[in-house]
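Participant: One-letter residues, chain by chain:
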Amino acid sequence: MRVPVSWLREFVDLPNDAAAIADRLAMLGFPVASIENRPSITGVVVGRIVELEKHPNADRLLVARVDVAGERPLTVATAATNVATGQTIALATIGARLPALTIEPRKMRGVASEGMMISAEELALPAEWFEDGIMQLDSTVELGENAIDVLGLETAVLDVEITSNRVDAMSVIGLARELAASYGVPLRLPSFSNPGTGAEPPGARPRVSIESADCVRFVAQRFGGIRVGAAPTWMRVRLALAGQRPINDIVDVSNYVMLETGQPLHFYDADRVSGAHFIVRDARNGEKIVTLDGVERILSEQALVIADEEHALGLAGLMGGMSSEVTDATTAMILEAANFNGARVRRMSSQLGLRTEASARHEKTLAPALAEIGAARAAQLLVAFGATAYEARAFGTQGAPPAPITLPVREVERLLGLDIPQARIIEHLEALGCSVLPEKADRLLVTPPLWRRDLLIAADLVEEIARMEGYDKIVPVVPSVAAHDVSSAQYDLEGRIARALAALGYREIITHSLRGAQPFERAARAGLAPDRDEVEVLNPLSEEQRFLRDSLVPGLIEYMATVNAPVRVFEIGHVFAQRDGRITERPALAFGFAAERLDEPAWRDAHFLELKGDCEAFLRDVTGRRDAVSAGARASFHPGKTALVSIDGREIGVIGRIDPRLERAYDAKLPVYVCSLDLEALPAYRLPHYRPPAKFPSTYRDLALIVDLDVTAQQIEGTIAGALGPICTGARVFDEYRGRQVGADRKSLAVRITLQRTDTTITDDDADAAIDRAIEVLREAFGAEIRA
Amino acid sequence: MSELATQLEELRRRFGNAVAGAPDEAGLEQVRIAYLGRNGEVTQVRRTIGRLPAHERPAAGKSINDAVGAMEAELQTAQARLESLTFQSELAESIDVTFPAIPAGAGSLNPVRRVIDDACTYFRRHGFAVVVGDEIESDYNNFDALNIPSDHPAREGFDSFWITATLLLRPHTSPVQIRTMQQHRPPIAIVAPGKCFRRDAVDARHLFQFHQIEGLLVAQGIHFGHLKGMLAEMCRELFGAQQSVRFRPSYFPFTEPSAEVDTTCPKCGGEGASCSMCGGSGWIELGGAGMVHPSVLREVGYDPDIYSGWAFGFGVERLALARYEVDDIRRFINGDPNFLEQLA
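Chains as they are written, first to last, in the numbering used here: chain F, 726 to 1513; chain X, 586 to 929.
Note that these hints are calculated values from the structure, not bench results.
Small disclaimer: the values here were computed from a predicted structure and weren't measured.
All C-beta atoms in this analysis are idealised placements derived from N, C-alpha and C, irrespective of residue type, glycine included.
Among these hints, one or two may not hold up.
As the list claims (entries may be wrong) - Straight-line Cα separation of at most 20 Å, SDA-like style, residue types lysine to any residue; simulated pairs:
| no. | chain 1 | residue 1 | chain 2 | residue 2 |
| --- | --- | --- | --- | --- |
| 1 | X | K780 | F | G1220 |
| 2 | X | K852 | X | R908 |
| 3 | X | K780 | F | R1386 |
| 4 | X | K780 | F | E1310 |
| 5 | F | K1366 | F | R1386 |
Claimed, not checked - Here are some chain F residues the structure puts well away from chain X; computed CB gaps all over 10 Å:
| no. | residue |
| --- | --- |
| 6 | P756 |
| 7 | V836 |
| 8 | S864 |
| 9 | L1017 |
| 10 | A1125 |
| 11 | I1199 |
| 12 | V1202 |
| 13 | G1230 |
| 14 | T1236 |
| 15 | Q1243 |
| 16 | A1249 |
| 17 | R1250 |
| 18 | A1254 |
| 19 | L1449 |
| 20 | Y1462 |
| 21 | G1464 |
The whole structure should be built from the sequences, with the hints applied where relevant.
Facilitator: Spelled out as structure tokens, the structure:
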């Protein structure tokens, strides 16, 4: 809310420094988003045109004599066309400094001009909101006065943020009240007595029938003698500073009163309210209304309308309707100052997608007592502008007054850790308008003021006391925390995983959990048919946010495609799926890299083996166990370079190269290798146990075997280990060869067999015998030939 | 001269030549093995002793031992010479130590995780546990249990992504408070970092997916001063010893009294009128905090007259933004390699 400091000053004395006021508001709970300092303008005074004649030497110029309450009127030449004798204007005298220029004595076509009459733009007001040409001041202001002070243009405008619980502070008076309480100075409230009197013409007395419990209060008041015109300049300037465009005196009064008191108002053309009878009721299903913004709206029973006996006139608390709008032809009107149930207004506002300054206040539930204050303030202003005010009539109830709250005095110290004497607690609460009675020795009975509907429990009062005392007075203490039984295990596991992968040279990234349909489209383009089990968002802001990811892999491929350079990354995050209406959420991990293509035969891929090595090291680090892989297939992965990863027989994920068709669909120029693991399937960490080194040395033998193409390293290693038993402490394939020398359907594998005895040093004879046994078994199992 | 003596003399001559000819220590070792090794020439000669008459054997043995002694001495001299030669050439090597390093395997944790880790480390030192929760939450845990019934104006502040009529992507980490309090009796001391989602338009200061870190301490005798104490020290831990912290009154339905927490802008130290990080205010907003609302405690079955507690919820990316002086919050999502490298 934009609040001109000069407007606040009408109600409370404030320091000169706008920044100090802003700080004070912030420390009261109303942060100031910006301080708009007004430009410094000097030498501009109020003057009246007492004489106006044509310029002797120029057709387009006029020469005015302007009375500024000096020794003599000043002579001013002007090219403006909206000037006339008797007008009160702002005159920049010789030496005056305006934002864009300094006024100096000069001759205009032979006439010495002693100043310049100025426009709204020269006062740094939005020119399009004011009259073309010279700005017209109110005739009541005193001549010779500083025009900047008179218009309240000298002080800054604060953009104040008001939390949703403090609708009472969504007004100049509301904020002035807070500042007065905080600075300990008086609040100068205007009189809220309504000047309306007397009886309306026959049949014109407004009546209100409240048919919905969501309307608490409705003040109706008739005004006659209306001639719609411009509002006085002081009001228009204030509204402009507050960011509200001046429209005409009627609209301006309703905006002005809303900004000043917080009570939204609405005016109806009295001739267009049938029978002067307002009915507050639920809308009928399908009922239509054209609102003031020109939109025809079709309503449901959810909407609350103000209607006359014939049709809906407006949406309660939200916006009036076109049919009863005040126009230039209006001569009599009826004011509505009402109070509605905030929740009802909020629902209606969100259903209709319509939000107004009025609904922003009504939806937070205003104090019913404010309705009469708003009506009175409007009546005072309208009467001052020449209207006739009839008696204001209030319908409905005042609502329940705020209930008294019992405040145990020790509660203040219990919650704040700050010992504030009881007298001071009472002082703070009273400054905010509460009435305080001692209930018992150590309890206070506190009744909040009518406008504070947010104060319901003792803790609310404690906050008020803390605000008045100042949060900065509360002494910081580091608490000692008692033992408790909440575990950090899951978080620790994630940290352990992240550090293990960082140590392996992977960088952690965070990609979007919400995604568009691209992963599916890309899979489709690659000729893959993905499982569509993703969870959908009902209200995404864009199509890019429609689905929750069901895998971390697409994000990783996308990242690598974007970077388009060798890079090693990982992500830990939740993945989501939906099966048979059941939504699951699981923690997952994916890591991998994009790497330059290697010049390798089709049956070898060092990148895969590197990733496998990282996977083994990672799982060893995180689980303390060794994993096993077996060839397998997964959509999105290369059919011949993919393995399923398992630990102790339980499958935990997949490792491999991404399907090259999918890489292309993502526009990834480099091959992408990814390991994707389900963190929930990861077994708990198992502590390693130390085994002392063997007492006797080991020996080894290398074998070159020729086997069929489909025999795997794992099979060879397993078979050897199985055949030899404990004497074999290792069997590891370390090389593969294919080529002419072994024939097209065979391959040569080199395997190193490590042999060791626990009881004595192994002899060459022992070793040779073992190797012979291994060879025999390999021959039998795989038809392996031994290469010389 | 006996045959043995001649043999030994011949052996020593050849040995001397071989030693002199050894180019380096490895060559010398070859020579040693050839002559003095287990199957070396000296051993061959020694084996011939057996064929001598018994009375000649001691003298023969002695002359062989003498020869071995002399050869070993010769070897030692040569060894010393070659050793110094080895070092001489090795020591003669010289490099440009200012040459660019071979980069180490460059893994790193995300700056978001680092901030979370550092904050959690601090809280754990003070006895807090770290709890994580699901990202899809019920509206009960997310709103109702936190004193935000439907139709409450504060729901608007949490513009959420909904999955079903009652499930949503959590817009804050506060439901972890509820889950933890439902499962445990006080005292409770937790921090809960995690991912959150809000339907915010993305710009340099806003993401629709971000991280929060939540804190909750509930026990007997916990007050606002404890909140100030913990958070002030946390800021000094994350940003440095000069850091000050400011608490401003604010409004959250789940805390009362409530506060917004600011800390000195680490970029300008609170001095920069035109600072791009804090907009000249000198302060960085960390997030909301306050004393847990009695309704929230009551909802999880805690007696608010016996227990009191505080909670806070801070935006992690906001913290990271200030901590690492990052110009645009969007960089944390899909952080490019250069960004990750700089903040590694």
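Participant: Each hint should be assessed against the structure and marked as holding or not.
Facilitator: Status of each hint after checking the structure:
1. K780(X) with G1220(F): holds (15 Å)
2. K852(X) with R908(X): holds (8 Å)
3. K780(X) with R1386(F): violated (32 Å)
4. K780(X) with E1310(F): holds (13 Å)
5. K1366(F) with R1386(F): holds (14 Å)
6. P756: Its Cβ does come within 10 Å of chain X, the nearest being 7 Å, so this is violated.
7. V836: Its Cβ never comes within 10 Å of chain X, the nearest being 46 Å, so this holds.
8. S864: holds (43 Å)
9. L1017: Consistent with the label, L1017(F) stays out of reach of chain X, its closest Cβ about 24 Å off (over 10 Å).
10. A1125: Since the minimum Cβ distance to chain X is about 19 Å, A1125(F) lies beyond 10 Å and the statement holds.
11. I1199: violated (5 Å)
12. V1202: Check fails; 4 Å does not lie beyond 10 Å.
13. G1230: violated (3 Å)
14. T1236: violated (6 Å)
15. Q1243: The claim holds: Q1243(F) sits with its nearest Cβ about 14 Å from chain X, beyond 10 Å.
16. A1249: holds (23 Å)
17. R1250: holds (22 Å)
18. A1254: holds (25 Å)
19. L1449: holds (32 Å)
20. Y1462: holds (30 Å)
21. G1464: holds (34 Å)
Of the numbered hints given earlier, the model fails hints 3, 6, 11, 12, 13, 14; all others are met.
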